[in-house]
Each structure stands twice: as structure tokens, then as C-alpha cells.
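J.: Sequence lines, in order, name chains B and D.
Under this note's numbering, think of the first position of the first sequence as 1, with each following residue one higher.
Under this note's numbering, think of the first position of the second sequence as 1001, with each following residue one higher.
Mixed in with the good hints there might be a few duds.
[Stated by the list, open to error] With a straight-line Cα cutoff of 25 Å, these simulated DMTMM-like cross-link-like pairs (lysine to aspartate or glutamate) come out: (1) D:K1117 <-> B:E98; (2) D:K1169 <-> B:E77; (3) D:K1169 <-> D:E1052; (4) D:K1169 <-> B:D101; (5) D:K1169 <-> B:D99; (6) D:K1131 <-> D:E1144.
[As the list claims (entries may be wrong)] A few chain B positions that, by computed beta-carbon distances, are all more than 12 Å from chain D: (7) L11; (8) R58; (9) L102.
Calculated directly from the structure, the hints in this document are not laboratory data.
Glycine included, each C-beta is placed from N, C-alpha and C at the ideal position.
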Amino acid sequence: MIPGITIQHCLTLSTALFCIGFYGVLTRRNAVMVLMSLELMLNAVNLNLVAFNSFLHRSAFTGQMFTLFTITIAAAEATVGLALVVSIFRARRSVRVEDVDLLKG
Amino acid sequence: MALTTFLFYLTAALILFCAVRVVTSQHVFRAALYLATTLSLLAVQYLLLHAEFVAVVQILVYVGAVIILIIFAVMLTAQIGDSNISQTNRLALPAALGCGALFYALHKALQATAWEKVAPAAASPALLSAKTNLQAVGFSLLGEYVYPFELIALILFTALVGAVLIARKDPE
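The shape of chain B in the complex, shown without the other chains (with noise of 0.2 Å):
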């Protein structure tokens, strides 16, 4: 393994990550932007798994599996709610989060 480096450190580092991602969704007003801010999270619960993975379960493969399935379903999400984005742009000629309101009373 890394010398000096324990699994805390990595841990740190993927919370960290997933707390400034999540401060991205919270914040953002662009759709793309808050697309680009889950990404950000969905790589630090990668990270998280891929670190358990190489340092308590070194024999068994679970989190890599379990990173290669989340890597495929964060490509499913990113195609799907692009396109949705690109199509609410063409209906309402915005992409900002606070003006898709139509559901407002």
C-alpha cells in the first residue's frame, strides 16, 4: 500500500469532495451546472468504495464492481438529463433551475 497513507486519508479526501459537490447542487441556477456538481459527488461515493475496496477487502472485488456499475449509471444519468436539459431549452429558452416553475401554483 501507500506508506503513511491509512484509509481515513482517503476518506477524507471523498467526503470532502462530496461536501463541496453537494454544495454545487445546493447552489447552482444553472442545469448543466448542477449536472456537473452530481458528478462531482457520484466520483467522491466512487472513490469511497474503490478505498474500502484496497484496504479492507483486498481478496474480494465488491467495491471496484460496485464503481464499474456506479461509472455506468452516471453515464446513463449524464446522457438523460443532458438531453432533458437541451429540451427544456428549446421549450422555454432558459436553462436556469428557477425558471422552470410551470408546476407552480
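Please build the complex by placing chain D on the supplied structure of chain B, with the hints as guidance.
T.: Below, chain D alone, put in the same frame as chain B:
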């Protein structure tokens, strides 16, 4: 300090810097480029953690495909590039405080956990005979995880068809 330890700290610092730039940058295109850098640096982290196949998939899928999709969306939605409108809503300060508190709580929790007491999972015999990471991933994907693997192909296909259907122009 060993080279790998130095690399870990260097990439960790760069990842955090680029991630902060992703959520604070005023310009959408610049934020997308910072996101690409963050994702590439995460691949280096995976390499350091001996997950070579995941690192390659990260580069191929994220930097190769997802970033391209995002940049396409940025270009298709023209008004996005406008940098003089504010990109954050008025909840920025409460959100920053909340996320700081969340980080503090999670950090405390993971420091308090006794990780050395976690029992390692049992390895399957096929994995023990694998010589490289790639071989072990292959054995797992088409052995133990073959049903999720097939299912994920179906999900990916559905998402692809759905995306084409949603994004296409309505026939006049």
C-alpha cells in the same frame, strides 16, 4: 517521503482545488474543463489504490464521454455562456455553512470508526488464481456479477434510446 505518498497528497490537493473551481467558476465552459481535470486526477488516485481497470474506465467513460456530452450541452444551450449573470442563488452562504457542518460530522464519524476491526471478505477461488487486476475484474464481471452486468447493459441501452427520444426535435 515515498513517491507514492507524495503523489497521493499532490493529487488530493489538486482534486480539492479543481473541485472548488468547478462549483465556484462563473464561466460554464471553464467549470467543465475543471471537472475534466478533477476526473482525470481521480483516475490517478485509483491507480495509487491498485484499481487499474477502474482508472482506465474512469478516463474512457468520464473524460472521454461524459465531459464531451456536457460540453455539447453547453454549446447547444447558447445563453449558458453568458458570464455576467450571477451563477449562484442567494442560498450560497447557508449552503456553504451546511456543507461545512456535514463535512465536520462525517469526518468525526469516520475518525471514530475502528476500521482495523472490520473483518475482510472471503475471496472466491477464481480470484485468488488471477495474476493481474484486469484478470480478476474479468473473472468477477463474467462470473459472480454476470446478472448485474447484463442488467446494466439493458439500463444503458434504455437510457440511450430515452435520451435520443427526449432531445430530438418534435416533428412539425
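J.: When you check the alpha-carbon spacing of D:K1169 and B:D101, does it fall within 25 Å?
T.: Within the cut-off at roughly 22 Å; holds.
J.: Within 25 Å, alpha carbon to alpha carbon, are D:K1117 and B:E98?
T.: violated (48 Å)
J.: For B:L11, is the shortest beta carbon distance to chain D beyond 12 Å?
T.: B:L11 not clear of chain D: closest Cβ-Cβ about 5 Å, inside 12 Å.
J.: So if I understand the rule, the pair passes when the alpha-carbon distance is 25 Å or less; does D:K1169 with D:E1052 pass?
T.: violated (41 Å)
J.: Would the least Cβ to Cβ distance between B:R58 and chain D come out above 12 Å?
T.: With a cut-off of 12 Å, B:R58 comes too close to chain D, as the shortest Cβ separation is near 7 Å.
J.: Assess, step by step, whether the Cα of D:K1169 is no farther than 25 Å from the Cα of B:E77, and give holds or violated.
T.: holds (21 Å)
J.: Keeping to a limit of 25 Å between CA atoms, is the pair of D:K1169 and B:D99 held or broken?
T.: Measuring from Cα to Cα gives roughly 21 Å; hence the hint holds.
J.: Regarding the assertion that B:L102 does not contact chain D, is the least Cβ-Cβ distance greater than 12 Å?
T.: Since the minimum Cβ distance to chain D is about 16 Å, B:L102 lies beyond 12 Å and the statement holds.
J.: Check the hint pairing D:K1131 with D:E1144 against an upper bound of 25 Å on the C-alpha distance.
T.: holds (18 Å)
Comparing the model with each earlier hint shows violations of hints 1, 3, 7 and 8; every other hint is respected.
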